[in-house]
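4 protein chains.
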Amino acid sequence: METLEKTNNLGHIPAYGELDDPVTLSAEKKFREIFGSNTKVFFVYNGTAANVLGVQHLIRPYEAIVSAHTSHMNEDECGAPEKISGSKILTIETADGKITPNDIKPFLRSIGFQHHSQPKVISVSQVTEMGTVYTPGEIAALTTFAHKNNMYLHVDGARIANAAVALDISFKEMITDTGVDVLSFGGTKNGLMFGEVVVFLKSGLAKDFEYSRKQSMQLHSKMRFIAAQFNRYLSDDLWKKNATQANNMAALLASELKQIPQVKLTQKVFANGVFVVLPQQIIQPLQQQYYFHVWNYTTNEVRLMCSWDTTEKDVNGFIDALKKELNKI
Amino acid sequence: METLEKTNNLGHIPAYGELDDPVTLSAEKKFREIFGSNTKVFFVYNGTAANVLGVQHLIRPYEAIVSAHTSHMNEDECGAPEKISGSKILTIETADGKITPNDIKPFLRSIGFQHHSQPKVISVSQVTEMGTVYTPGEIAALTTFAHKNNMYLHVDGARIANAAVALDISFKEMITDTGVDVLSFGGTKNGLMFGEVVVFLKSGLAKDFEYSRKQSMQLHSKMRFIAAQFNRYLSDDLWKKNATQANNMAALLASELKQIPQVKLTQKVFANGVFVVLPQQIIQPLQQQYYFHVWNYTTNEVRLMCSWDTTEKDVNGFIDALKKELNKI
Amino acid sequence: METLEKTNNLGHIPAYGELDDPVTLSAEKKFREIFGSNTKVFFVYNGTAANVLGVQHLIRPYEAIVSAHTSHMNEDECGAPEKISGSKILTIETADGKITPNDIKPFLRSIGFQHHSQPKVISVSQVTEMGTVYTPGEIAALTTFAHKNNMYLHVDGARIANAAVALDISFKEMITDTGVDVLSFGGTKNGLMFGEVVVFLKSGLAKDFEYSRKQSMQLHSKMRFIAAQFNRYLSDDLWKKNATQANNMAALLASELKQIPQVKLTQKVFANGVFVVLPQQIIQPLQQQYYFHVWNYTTNEVRLMCSWDTTEKDVNGFIDALKKELNKI
Amino acid sequence: METLEKTNNLGHIPAYGELDDPVTLSAEKKFREIFGSNTKVFFVYNGTAANVLGVQHLIRPYEAIVSAHTSHMNEDECGAPEKISGSKILTIETADGKITPNDIKPFLRSIGFQHHSQPKVISVSQVTEMGTVYTPGEIAALTTFAHKNNMYLHVDGARIANAAVALDISFKEMITDTGVDVLSFGGTKNGLMFGEVVVFLKSGLAKDFEYSRKQSMQLHSKMRFIAAQFNRYLSDDLWKKNATQANNMAALLASELKQIPQVKLTQKVFANGVFVVLPQQIIQPLQQQYYFHVWNYTTNEVRLMCSWDTTEKDVNGFIDALKKELNKI
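Residue numbers (our numbering), protein chains in the order written: chain A, 1 to 329; chain B, 1 to 329; chain C, 1 to 329; chain D, 1 to 329.
Simulated from the structure, these hints should not be mistaken for laboratory data. Incorrect hints may have been included.
A pair counts as met if it fits within one copy or between any two copies, since identical chains are not told apart.
What the hints assert, rightly or not - Straight-line C-alpha distance at most 27 Å; calculated DSS-like pairs for lysine-lysine:
id	residue 1	residue 2
1	Lys222	Lys313
2	Lys148	Lys222
3	Lys323	Lys148
4	Lys240	Lys202
5	Lys324	Lys40
6	Lys222	Lys258
7	Lys29	Lys323
8	Lys241	Lys268
9	Lys148	Lys207
10	Lys207	Lys105
11	Lys222	Lys30
12	Lys29	Lys40
13	Lys313	Lys323
14	Lys323	Lys240
In this text, all values refer to a predicted model and were calculated from it rather than measured experimentally.
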């Protein structure tokens with residue numbers, strides 16, 4: 001907030017991040033420092049756009065996106081990838097939200113068969129929607145597989161800061177060094193007001209992306225207000241501080257939940273999400289006090305997300321409320 | 001073929017089926033006689049178009065199509081529904097290619113949740129891609145469910161003649177009387193040269209469809225050449241004669257296969273398709289002699305389709321070739 | 001900026017403007033007070049989206065948008081309307097950026113002709129891209145014509161505040177009372193940081209718009225940050241203060257330009273835009289000092305825009321620079 | 001018709017023109033003989049599809065098509081190019097339906113400007129919609145201009161046979177030797193039952209087109225029925241015979257019309273179309289006897305098309321009817 005105040009609205013800075021808006025240039029430079037000099041960076045408004053446009057730019061409508069069935073792209077974008085790119089999403093059932101080259105192999109049979117969408121981009125989420133995390137080795141295995149089969153690897157990094165903290169590695173080690181082609185770099189879930197980033201790790205892939213962005217209604221005239229937030233976010237390890245807090249709170253929450261015999265954790269906790277099965281009767285009463293989603297209505301599994309501003313008090317408050325509801329049963 | 005010769009290219013008949021092209025009018029009349037007076041009929045070029053346009057006309061891009069995972073729409077149109085309609089397909093795993101209201105219920109949770117595509121059209125295939133057939137009661141249960149939930153029922157009738165023969169009922173009993181909203185009525189797989197039909201069973205649903213058809217590149221200037229084929233196809237029970245032959249040959253094929261211990265039928269045979277697991281080694285040698293698809297590369301299940309021009313000799317020839325290959329193992 | 005600081009990022013307010021985010025509810029209420037109780041309001045990120053989505057929601061792809069050739073929708077969105085809606089734009093040549101029912105009449109011939117896109121939405125800009133303004137009577141004539149022909153009227157109000165100040169009337173008199181169907185209500189060009197508004201004046205037209213918005217990647221998770229800006233903008237006549245300043249500076253600029261014999265105003269100045277033909281040699285040198293667009297490369301007409309933060313000093317500085325360049329010729 | 005009878009429906013020929021359907025292979029060979037060995041040929045159902053898919057395959061949605069305003073693509077496809085490709089059409093006003101490099105130059109300013117669609121394909125019709133014809137030199141000038149500016153040239157050849165006859169040159173001289181990139185090769189307007197051809201003159205441009213065709217619902221399962229027609233059409237100069245008849249009849253019609261003082265030819269007659277201004281009162285009475293379109297309702301210009309089966313008797317009959325109506329005034 002303080003940052004935006006300094007990037008205030010009063011100067012006569014060129015619109016659309018064009019020419020030499022110094023704030024946008026500075027943020028772009030920061031991304032190149034982090035991800036490598038071959039990086040091309042485009043600011044968009046939200047995570048839906050970062051995912052859809054980053055992927056769309058690499059494919060034609062008859063080419064398909066391969067992802068976990070649980071991916072945000074597939075499940076929670078109201079069909080945005082299909083509408084905007086015209087492409088099909090080929091999905092994979094997983095236990096933990098993560099996919100491997102072996103999962104993708106069956107789709108290779110479609111290559112060259114004109115009746116089938118041609119698989120072209122593999123999309124993974126880091127952190128996944130199940131709260132799990134890909135190791136750099138797992139990502140590298142996917143990029144190797146992708147490139148060998150003339151495909152690309154996209155990473156949905158809406159929660160990438162939480163993954164970097166969980167793995168204790170740099171963004172470059174996780175993304176650039178593993179051969180990723182395009183990354184959606186998120187900030188909104190980790191404290192920013194608005195704006196996400198499409199990061200092409202190989203500059204050639206970014207050709208003409210500015211037209212994709214404009215035509216898909218994602219060019220911000222006052223781009224400096226997005227850029228300024230990332231300038232600040234990427235300075236003084238602010239991103240890391242926020243993500244560490246969220247991850248720590250999730251770890252705390254998980255350890256508290258493990259003490260309660262009536263509930264059952266369903267995924268190992270790596271980052272800021274905790275998946276747990278609750279007795280059905282207490283879900284609605286708890287939702288009236290705390291905001292969370294039911295993940296699976298059949299099994300009564302719910303997803304609890306911690307964020308950069310979750311406090312120990314919040315966690316303890318939730319655990320207390322949970323225990324209170326359990327006592328009522 | 002004789003029919004088309006009579007509908008020859010030499011007269012000065014109005015283009016695009018407009019005004020009073022008598023051949024097109026006559027075919028439309030025939031469809032109304034068969035399906036009921038409230039029927040609206042539109043000729044298009046192929047089955048892909050009949051399916052995609054019939055469904056697309058009933059939905060907006062944020063509304064979803066629900067179908068079996070194995071549906072032709074989902075698996076074999078190279079992403080045409082996604083590109084042309086902009087909509088997502090929500091799929092259901094099935095054992096036999098058939099879906100029920102219970103299978104669809106979980107998708108109802110998405111209604112009103114802005115992050116999810118809104119389920120709006122249920123699409124079933126009759127005959128299904130697994131060779132199975134919906135009874136009229138099963139179709140009626142689906143339309144009742146659909147209408148109760150503000151949805152539509154679409155039937156992909158690429159092989160509808162085979163289903164009518166299998167069930168020994170009229171098209172009207174199968175489609176109109178069960179409350180179906182829109183039908184793709186196929187003929188190409190049952191002997192026609194080109195052309196399929198979008199049949200709206202409720203005339204109000206057809207409003208403006210002519211523009212959908214033209215914009216989607218499916219308006220034939222010399223429409224009488226499609227209409228004439230259907231005129232003939234629907235006369236003197238030609239459709240029934242062709243489909244009966246195909247179904248009979250499939251029954252013969254199935255009964256022969258049952259005698260062979262090394263192979264195993266996987267679906268009950270209702271119409272013109274036979275699903276059977278073969279020893280892996282003989283699949284390719286057989287494919288060099290007969291044209292068929294491997295349905296499942298993991299289980300070595302193949303799909304054998306009989307058509308209106310399959311003969312007993314063809315069936316016996318295949319069985320002989322199969323036995324010969326089995327002997328080589 | 002102060003406003004956003006108060007709407008800070010720290011509270012646990014529901015995401016996506018859902019449920020009872022009080023900031024969003026309050027902004028919606030303010031719009032209903034201004035435009036009438038039947039108004040439905042949706043926040044999006046930018047003007048491109050407000051225009052494209054507001055119009056798209058009222059049409060099918062085979063229906064066309066009618067606008068001035070010079071409209072922003074037609075000329076400056078990199079084809080966003082065509083891609084997002086799939087529709088054609090039918091354009092009208094104008095002298096001053098304004099269209100009338102008579103201009104639209106020839107397109108009525110296409111109605112019912114299946115080879116032509118069906119005209120369905122008339123889109124006008126208020127202020128127009130030529131700096132001119134529609135009177136309420138002119139808007140009412142367009143809506144009457146539109147409704148009589150089963151069409152809608154959309155107003156691109158990226159500069160609507162400047163028009164309201166120019167006409168000295170309320171938004172309600174200009175928009176609701178004239179029968180407009182949907183309005184893009186802009187704020188970014190009049191001082192806001194980001195966010196624009198799709199305003200449906202008849203609530204029935206807004207049905208399901210939340211899915212259109214989400215699928216088109218325009219749903220902001222932290223919607224309160226857009227809503228808060230409009231809350232402030234619509235309070236204490238801030239919008240009017242800003243627009244008045246811009247309009248006054250344009251009037252000042254025009255009156256100064258009229259004194260200079262070597263330049264020629266081409267449009268009457270109503271709001272905040274000034275169109276003037278300059279000697280070709282001085283255009284580039286001036287552009288190095290001030291940011292403006294060449295409107296017509298053949299005639300050397302340029303467009304000078306004043307904004308809410310343009311000062312008398314800015315205007316005088318420009319006039320001085322212009323005179324200096326003229327002296328060099 | 002005789003041809004199709006021989007290509008009858010009874011053999012077990014592979015579907016979709018795949019593998020080694022000999023009829024399709026033979027037609028493809030014929031096209032390579034005519035247009036050169038680097039040619040790639042794809043059969044589709046109609047002219048709309050040939051135009052839209054041929055062009056779409058060369059562009060991304062943010063790239064634009066440049067054509068005469070009167071082009072069939074722009075005026076008579078119900079918005080198919082916009083819906084299927086997502087691209088904008090940039091149009092040029094012409095006196096005779098023909099465009100030149102000079103007409104296109106102003107659009108070059110948009111290149112590199114992210115707010116504008118990027119001009120990428122120039123599309124011309126040969127014969128044009130105004131009945132005029134490009135000389136090979138004019139086509140070559142357009143391809144040179146296109147390639148110099150990183151663009152492509154597409155030719156809508158719905159009436160290409162009539163142009164070849166009018167110019168008395170081969171298809172190769174007109175298309176391949178002038179550097180054209182992609183051609184829609186029509187036959188339906190010159191006697192065929194259905195089917196048109198997308199001809200890529202440079203094989204690299206055709207890459208992956210089979211998926212575009214399938215996804216856009218234009219893959220015919222019994223492709224041999226299209227191919228067979230072209231086999232016949234391109235043999236024994238059948239195309240030339242038909243087109244010559246049409247052109248001759250148009251010349252006859254024009255020479256007769258010139259004798260009638262109350263009517264006025266508006267375009268020089270090159271091929272099979274005649275444009276003439278008629279007295280308004282006689283247009284409708286004549287249309288009740290002969291099928292033709294009013295081209296311009298303001299000027300009462302009508303378009304008279306002669307086809308391969310127009311006879312001298314037809315022409316004389318029309319002239320007589322015309323004179324009779326003139327006498328009634």
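Status of each hint after checking the structure:
{"no.": "1", "hint": "Lys222 with Lys313", "verdict": "between (38 Å within a copy, 23 Å between copies)"}
{"no.": "2", "hint": "Lys148 with Lys222", "verdict": "neither (41 Å within a copy, 35 Å between copies)"}
{"no.": "3", "hint": "Lys323 with Lys148", "verdict": "neither (52 Å within a copy, 40 Å between copies)"}
{"no.": "4", "hint": "Lys240 with Lys202", "verdict": "within (25 Å within a copy, 47 Å between copies)"}
{"no.": "5", "hint": "Lys324 with Lys40", "verdict": "neither (51 Å within a copy, 41 Å between copies)"}
{"no.": "6", "hint": "Lys222 with Lys258", "verdict": "neither (47 Å within a copy, 32 Å between copies)"}
{"no.": "7", "hint": "Lys29 with Lys323", "verdict": "neither (49 Å within a copy, 39 Å between copies)"}
{"no.": "8", "hint": "Lys241 with Lys268", "verdict": "within (22 Å within a copy, 56 Å between copies)"}
{"no.": "9", "hint": "Lys148 with Lys207", "verdict": "both (22 Å within a copy, 20 Å between copies)"}
{"no.": "10", "hint": "Lys207 with Lys105", "verdict": "between (29 Å within a copy, 24 Å between copies)"}
{"no.": "11", "hint": "Lys222 with Lys30", "verdict": "both (19 Å within a copy, 25 Å between copies)"}
{"no.": "12", "hint": "Lys29 with Lys40", "verdict": "within (10 Å within a copy, 42 Å between copies)"}
{"no.": "13", "hint": "Lys313 with Lys323", "verdict": "within (15 Å within a copy, 67 Å between copies)"}
{"no.": "14", "hint": "Lys323 with Lys240", "verdict": "neither (32 Å within a copy, 54 Å between copies)"}
When the structure is compared with the earlier hints, violations turn up for hints 2, 3, 5, 6, 7, 14 and for no others.
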